[in-house]
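Asks: Sequence:
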Amino acid sequence: MIFIVLLVLLAPISAQASSPMDFARGYLLETQADFALQRLELPFEVYNASVRADLGDLRVFNAEGAEVPMHLRRIEAQPVAAQEVPLPLFRVSGGPEGVQDYDFRMQVRTSDQGAVLETRMTALPAGTDQALLLDASAITEDIAALRFEAGSSSSAFIRVEVRGSDDLYSWRKAGSAVLAFMEHQNGRILQDRIMIHGKRWKYYLLTGQADLSVLAKAHAQKVSGESGLTRRFLPLHGEVVEDGTYEYVLPPALPVDVLDLGDVENAVLGVKVLTPLKDGWRPVAEGALFRLTVDGQLLDGPGLALHGPHERLRIVMQGAPVPLRVGWLPHELVFMSQGPGPYTLALGSHSGKRGLDMLAAMLDDKKIGTLRLGTAKIAAPVVLGGEDRLLPDPGHAGLVLWAVLGLGVILLGFMAWQLVRTLDHKK
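Position one of the sequence shown corresponds to residue 1 (the working numbering), numbered consecutively onward.
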């Protein structure tokens, strides 16, 4: 009897499946035909409308109002150290100026596999144009950039060119940049990378119009998993809280990972970033942002790394205030086009509980995970359950459960009392 009563009382709670009306608002989705799985890169509008830092209020429904399987994923930027390989560095003569092909085979000794073992020159004659020969013959992956380290006390702007070769004789252009290792009153200006284009070469030759002896070490940065993704940016608009300090409010789920200069040229800005901690603020990042034109070439800093999401930021600026922006790599929502369309992306609910992720294992499968997915886009916004769905959960379900448990205890006590009375009568 007790079990029947409990089942009757719990039935309304278990029957509360998600429906579009459980969410405040949503977007109609445009999908590609003939694809069972669709992928949607979350635009800023979705982050801005979500009320949960974990994006736990996102659901996809078909035209019948049934929830369809979905999976939320994001490829995060890897640490630079995880993408780098040290390169052997050799100092050689740069060869005659303006000559594209120059034979370095007489200057170096290589192994049977092509690795540079040593240079045959013990010292370069005074006044000789120096070059740096980098041995990348052991690298089998594509190279995105070359990164250099300067000596501890070095300070310089160096305009350099990079050429590549597979035989140490025929050289082809592979990149150019201005390397910067400078101390500024607003922070350190550091531009230590040269982006590489074209094919991967076994050897790279670095030449410049300045002393290259300040460059002490070289690294190859491999093409990372995020290379196929587009970083999105949002201009920051904040309020002054005190002299030189500005406060910004961001969507709670926006996965910001970099702070950079906005629409400004020739600026160097020292910044200190703080986030809320109980009744105060704690520093989470500090450094210099810069964008300069040097010798006709843009010198653009990499920005300052952040580890979001951060719903509120305070930024202390050292120097004249300039526009700022934040960047992020967006999430990707994969869903199954199950049932009739059109499909609706619903969001905006504090109380929604995400169901079982049935697509995760499928997408991890080596065969299924490599299949081409259809591309979905958000279309017209729609109002679903309205703004009332944005109110905090009053916790009615919890009260009902406690009431059910209390009633169950009372019923069990009553049944035990009845059993005792029956036994007494039999005696």
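Hints are computed from structural coordinates only; laboratory data are not their basis. Cβ atoms here follow ideal geometry from the backbone N, Cα and C, with glycine treated the same way. One or more hints might be untrue.
Derived lysine to any residue pairs resembling SDA-like cross-links, with alpha carbons at most 20 Å apart [to be verified]: (1) 377 - 69; (2) 272 - 293; (3) 202 - 249; (4) 173 - 222; (5) 222 - 138; (6) 272 - 173.
Across the chosen pairs, the derived CB separations fall in these ranges [stated by the list, open to error]: (7) 358 - 302: 37 to 43 Å; (8) 267 - 152: 44 to 50 Å; (9) 152 - 302: 27 to 33 Å; (10) 410 - 34: 45 to 51 Å; (11) 237 - 30: 56 to 62 Å; (12) 34 - 73: 31 to 37 Å; (13) 361 - 242: 33 to 39 Å; (14) 34 - 195: 35 to 41 Å; (15) 410 - 339: 22 to 28 Å.
Asks: Check each numbered hint against the structure and report the violated ones by number, ascending.
Replies: Per hint list: 2, 3, 6, 8, 9, 10, 11, 12, 13 and 15 violated.
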